[in-house]
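From just these sequences and the hints, can you work out the full model?
One line per chain: the protein sequences are A and B, in this order. Quick note: to get our numbering, add 55 to the position in the first sequence (first position is 1). Quick note: to get our numbering, add 55 to the position in the second sequence (first position is 1).
The set of hints was computed from the structure by calculation and includes no laboratory data. Hints are not guaranteed to be accurate.
A pair counts as met if it fits within one copy or between any two copies, since identical chains are not told apart.
Claimed, not checked - Below, computed lysine-lysine pairings styled on DSS-like, alpha-carbon distance capped at 27 Å:
{"#": "1", "residue 1": "372", "residue 2": "186"}
{"#": "2", "residue 1": "136", "residue 2": "186"}
{"#": "3", "residue 1": "372", "residue 2": "115"}
{"#": "4", "residue 1": "351", "residue 2": "136"}
{"#": "5", "residue 1": "250", "residue 2": "59"}
{"#": "6", "residue 1": "97", "residue 2": "327"}
{"#": "7", "residue 1": "119", "residue 2": "289"}
{"#": "8", "residue 1": "327", "residue 2": "115"}
{"#": "9", "residue 1": "274", "residue 2": "136"}
{"#": "10", "residue 1": "282", "residue 2": "250"}
{"#": "11", "residue 1": "119", "residue 2": "267"}
{"#": "12", "residue 1": "136", "residue 2": "281"}
{"#": "13", "residue 1": "267", "residue 2": "250"}
{"#": "14", "residue 1": "184", "residue 2": "274"}
{"#": "15", "residue 1": "282", "residue 2": "59"}
Number of protein chains: 2
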Amino acid sequence: MAEKYYVGFDMGGTKMLAAVLDTEYTECASEKMRTPVGAGNKEMLKAIAGLVQQALDTAKVDLKQIAAIGIAVPGPIDRDKGLVIDLPNAGMHDYHLRDELESRLGARVVLENDVNAGTYGEFTSGAAKGKRNVIGVFPGTGIGGGIIIDGALYRGHSGRAGEIGHMIVEAGGRRCGCGKYGCLEAVCSRTAIAKDLVHLALNGQAPTILDKAGTDIAKMKSGVIKKAMDAGEKAVIEVVERAAWYLGVGLGSCIDIFDPDLVVIGGGLVEKLGRAYLDPIERSMRAHTMAAPDTKLVEAKLGDDSVVIGAAVLAAKELD
Amino acid sequence: MAEKYYVGFDMGGTKMLAAVLDTEYTECASEKMRTPVGAGNKEMLKAIAGLVQQALDTAKVDLKQIAAIGIAVPGPIDRDKGLVIDLPNAGMHDYHLRDELESRLGARVVLENDVNAGTYGEFTSGAAKGKRNVIGVFPGTGIGGGIIIDGALYRGHSGRAGEIGHMIVEAGGRRCGCGKYGCLEAVCSRTAIAKDLVHLALNGQAPTILDKAGTDIAKMKSGVIKKAMDAGEKAVIEVVERAAWYLGVGLGSCIDIFDPDLVVIGGGLVEKLGRAYLDPIERSMRAHTMAAPDTKLVEAKLGDDSVVIGAAVLAAKELD
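Structure, rendered in structure tokens:
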């Protein structure tokens, strides 16, 4: 009998990543491609299956050796039914991705929320390795959250636990994409920062932003923000530090509620802005907790790999 | 060998309660007394031991039959060391209550946070019986919280989890007793309500409050608030409904984070004000959650007994 392997797959909004892992959860090979925007159900299925096969070829592993494929989905799913409910970017709607992929590849598939997968990846192989109770937070376009309790991913009653980005830190505050007001995501995601930066650019208070991204909120990427901060644009630094302060308010509350071993933070803003972003988050987090003010905030270590590793290991644990 | 029993003890701020439970966790007898305010370590020990003995006498149970005594403490403790860190009301400070009580009574003792015990009592025998993931919240002088995850009390990394009352729902809002600003406790505990009622009484907008409690914040008990609401004092009803709205904001966030089977709510405000308080909490809670808007808010069923039952059962599970 040939050796056993697992596949982790990240259906990211801009790129997709497939990785092959051995039974020690070590990555043997990975392949990536640009996400085919608006592809629709059938084309996405073909693209996913193709990228999985490509990664297997690179790893010189046969499909028959794959014990589990974990697919991380950046949108609402029904895990039990293996259903992708809605993924507007990829044009995928009400699609039984698990069953379709299983019959196409002849291997077992598990769907997972991408932030849960990312948090779990950092827990099994990254910054939170060896811990028991962990909060994962990933500020980006939105703010994703994942929770590890007693060494297991915590899903809650109906599989929707972990929405740390939708904890309200400012009752009646800015409107959130979810329809509530004052959610962490509404006051300190990259989208929230971008709204303020557009305003600054219009007012002439952020020349670097204006130069690199104009006044288009869709162009306010982390790299642009970084450039303006490096250029010493005070108003931009203030907007970022204010967002960091709010994130610290939310994380402080999470510590008072969960008393975790540590908090892992990752995602594009963290990767691009580094300590200029993390230091004010950490100061605010400590100022806004009473239960365990010594809880550590650590940077995620695995980058894009956290999601594919987490998805593969979660699928392996479920199907093995 | 004689049958086995457990004792649960609640060191409340105003009264103390001791209960004897059999191995089915059914209460055989209980006794209570007024808490001896400012008694100090030694006198409190004597009072606790005396009340335990009294409950045993009533139940016709011998100390030798007691397999575990659970003591619920309304203040900071070090569970591992069996230490009561600070209990100003009783005048107890840095006291090894567990060991002192064990050597005095010759039975095993476990200390527990009182809100954890209350939540656990409702979980084993009350409104949350048979559930797996439960949030308990007890608005009163402060706002206590307890968390049951996967059928077990969740304590976190350093035993300080569950501080739902110190989750910040209004960043930069009212100052809390803990030193932070905008905690749930700061904006909607009975103390927060009382601050507003004193103001109303002073302004002539709450004649019933002025009549029953004057302008003394310490006299704003739940019963007085109930009388003013029953008298139709609009400003008082508004203050209570505003507090209920804030509590719903916090509970909605808890649902988005935990996705629990249900939320149990208890304590003096709930018991006195009933639906006039619970209905606006429930409406606000549903409006402020996106993950699981159908999560139920249920009223605690056991009243004062939840704490003694929870303390006894937690001690039983630990020592048996």
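For each hint, the structure was consulted:
{"no.": "1", "hint": "372 / 186", "verdict": "both (18 Å within a copy, 25 Å between copies)"}
{"no.": "2", "hint": "136 / 186", "verdict": "between (31 Å within a copy, 23 Å between copies)"}
{"no.": "3", "hint": "372 / 115", "verdict": "within (23 Å within a copy, 52 Å between copies)"}
{"no.": "4", "hint": "351 / 136", "verdict": "between (37 Å within a copy, 25 Å between copies)"}
{"no.": "5", "hint": "250 / 59", "verdict": "neither (48 Å within a copy, 65 Å between copies)"}
{"no.": "6", "hint": "97 / 327", "verdict": "neither (35 Å within a copy, 59 Å between copies)"}
{"no.": "7", "hint": "119 / 289", "verdict": "neither (57 Å within a copy, 72 Å between copies)"}
{"no.": "8", "hint": "327 / 115", "verdict": "neither (34 Å within a copy, 70 Å between copies)"}
{"no.": "9", "hint": "274 / 136", "verdict": "neither (37 Å within a copy, 56 Å between copies)"}
{"no.": "10", "hint": "282 / 250", "verdict": "within (17 Å within a copy, 48 Å between copies)"}
{"no.": "11", "hint": "119 / 267", "verdict": "neither (49 Å within a copy, 79 Å between copies)"}
{"no.": "12", "hint": "136 / 281", "verdict": "neither (42 Å within a copy, 49 Å between copies)"}
{"no.": "13", "hint": "267 / 250", "verdict": "within (15 Å within a copy, 51 Å between copies)"}
{"no.": "14", "hint": "184 / 274", "verdict": "neither (35 Å within a copy, 52 Å between copies)"}
{"no.": "15", "hint": "282 / 59", "verdict": "neither (46 Å within a copy, 71 Å between copies)"}
Of the numbered hints stated above, those contradicted by the structure are hints 5, 6, 7, 8, 9, 11, 12, 14 and 15, listed in ascending order.
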